[in-house]
Amino acid sequence: MKKKVLLLICVMMAAIGLCACGGVKELSENFDAATVRAAAEELIGYVNEEDAEGFCSVPMSESMAENMTVESTQQIFDEYLGNKGAFVEYKSITLVEAYDKTVGDCAVAIVSVKYENMNVQYTISFDIDMKLVGFFFK
Numbered sequence: 120m121k122k123k124v125l126l127l128i129c130v131m132m133a134a135i136g137l138c139a140c141g142g143v144k145e146l147s148e149n150f151d152a153a154t155v156r157a158a159a160e161e162l163i164g165y166v167n168e169e170d171a172e173g174f175c176s177v178p179m180s181e182s183m184a185e186n187m188t189v190e191s192t193q194q195i196f197d198e199y200l201g202n203k204g205a206f207v208e209y210k211s212i213t214l215v216e217a218y219d220k221t222v223g224d225c226a227v228a229i230v231s232v233k234y235e236n237m238n239v240q241y242t243i244s245f246d247i248d249m250k251l252v253g254f255f256f257k
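First residue of the sequence shown? That's 120 in my numbering, and the numbers climb one at a time after it.
Take these hints with a grain of salt, some might be off.
Unchecked claim - Quick list of in silico lysine to any residue cross-link-like pairs, SDA-like style, CA-CA up to 20 Å:
(1) Lys233 x Lys250
(2) Lys250 x Ala184
(3) Lys257 x Glu168
(4) Lys257 x Phe196
(5) Lys257 x Glu198
(6) Lys233 x Glu208
(7) Lys144 x Thr188
(8) Lys210 x Ala184
(9) Lys233 x Glu198
(10) Lys210 x Cys175
(11) Lys257 x Lys220
(12) Lys257 x Val207
(13) Lys233 x Ala157
(14) Lys210 x Tyr165
(15) Lys210 x Lys250
(16) Lys233 x Gly201
(17) Lys257 x Glu181
(18) Lys257 x Val239
(19) Lys233 x Leu214
(20) Lys144 x Ala205
(21) Lys233 x Lys220
(22) Lys233 x Glu168
(23) Lys250 x Cys175
(24) Lys257 x Asp224
(25) Lys233 x Glu148
(26) Lys250 x Gly201
(27) Lys233 x Thr213
(28) Lys250 x Thr188
(29) Lys233 x Ala184
(30) Lys233 x Asn167
(31) Lys233 x Phe255
(32) Lys144 x Glu208
(33) Lys220 x Ser182
(34) Lys233 x Ser211
(35) Lys144 x Tyr234
(36) Lys233 x Asp170
If you're looking for bench data, these hints aren't it; they were derived computationally from the structure.
Since we're looking at a predicted model, the values are computed, not measured.
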């Protein structure tokens with residue numbers, strides 16, 4: 120099971136890497152900043168509540184949906200974010216646009232969050248249809 124979680128994390132990192140490698144720029148008219156921000160905050164809200172089912176209910180790309188099962192998502196929450204403590208505040212939110220030859224244009228939200236026991240930086244990517252194509256945290 121641990122191998123499956125590591126594979127899932129690698130897939131998510133690859134998706135983010137793909138979006139980031141095409142160059143980064145400010146959001147264009149292809150994306151609405153308020154919509155991207157709200158979608159990123161919604162996902163982080165599911166993480167804060169450890170709601171894997173809610174997280175997996177958001178629109179995702181086919182590859183994300185194949186890998187982000189409720190069980191695997193809950194395992195990631197438990198193993199990697201279980202000791203974060205309660206949400207304190209958003210420290211910063213940066214929205215940029217990137218291009219990938221596979222995904223096309225994608226919006227990337229880089230969100231720094233302060234929790235009771237740690238800080239977490241989320242990098243969340245959406246395609247032009249606002250489907251989740253990448254979710255990474257450190």
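Each hint, compared with the structure:
1. Lys233 x Lys250: Given pair lysine 233, lysine 250 is violated - Cα atoms ~26 Å apart, limit 20 Å.
2. Lys250 x Ala184: holds (10 Å)
3. Lys257 x Glu168: holds (18 Å)
4. Lys257 x Phe196: Distance of about 13 Å is within 20 Å: holds.
5. Lys257 x Glu198: holds (13 Å)
6. Lys233 x Glu208: This hinted pair holds, its Cα atoms lying about 5 Å apart.
7. Lys144 x Thr188: At roughly 32 Å apart (the allowed maximum being 20 Å), threonine 188 and lysine 144 break the hint.
8. Lys210 x Ala184: Distance ~29 Å between lysine 210 and alanine 184 Cα, so the pair is violated.
9. Lys233 x Glu198: holds (18 Å)
10. Lys210 x Cys175: Distance of about 25 Å is beyond 20 Å: violated.
11. Lys257 x Lys220: violated (25 Å)
12. Lys257 x Val207: This hinted pair holds, its Cα atoms lying about 17 Å apart.
13. Lys233 x Ala157: With Cα atoms ~18 Å apart, lysine 233 and alanine 157 stay inside 20 Å; holds.
14. Lys210 x Tyr165: The given pair, whose Cα atoms are some 18 Å apart, holds under the 20 Å limit.
15. Lys210 x Lys250: violated (25 Å)
16. Lys233 x Gly201: holds (14 Å)
17. Lys257 x Glu181: violated (24 Å)
18. Lys257 x Val239: holds (6 Å)
19. Lys233 x Leu214: holds (18 Å)
20. Lys144 x Ala205: With Cα atoms ~33 Å apart, lysine 144 and alanine 205 exceed 20 Å; violated.
21. Lys233 x Lys220: At roughly 34 Å apart (the allowed maximum being 20 Å), lysine 220 and lysine 233 break the hint.
22. Lys233 x Glu168: Given that 20 Å is the threshold and the Cα spacing comes to 15 Å, the pair holds.
23. Lys250 x Cys175: holds (12 Å)
24. Lys257 x Asp224: violated (24 Å)
25. Lys233 x Glu148: Measuring from Cα to Cα gives roughly 30 Å; hence the hint is violated.
26. Lys250 x Gly201: violated (26 Å)
27. Lys233 x Thr213: Holds, at about 15 Å.
28. Lys250 x Thr188: Since the Cα atoms of lysine 250 and threonine 188 sit roughly 16 Å apart, the hinted pair holds (cutoff 20 Å).
29. Lys233 x Ala184: violated (28 Å)
30. Lys233 x Asn167: holds (11 Å)
31. Lys233 x Phe255: holds (16 Å)
32. Lys144 x Glu208: Violated, at roughly 26 Å.
33. Lys220 x Ser182: holds (16 Å)
34. Lys233 x Ser211: It holds: about 10 Å lies between the C-alpha atoms, which stays within 20 Å.
35. Lys144 x Tyr234: Not satisfied, since the Cα-Cα distance of roughly 29 Å exceeds 20 Å.
36. Lys233 x Asp170: Status holds; Cα separation ~19 Å.
Against the hints set out earlier in the document, violations occur for numbers 1, 7, 8, 10, 11, 15, 17, 20, 21, 24, 25, 26, 29, 32, 35.
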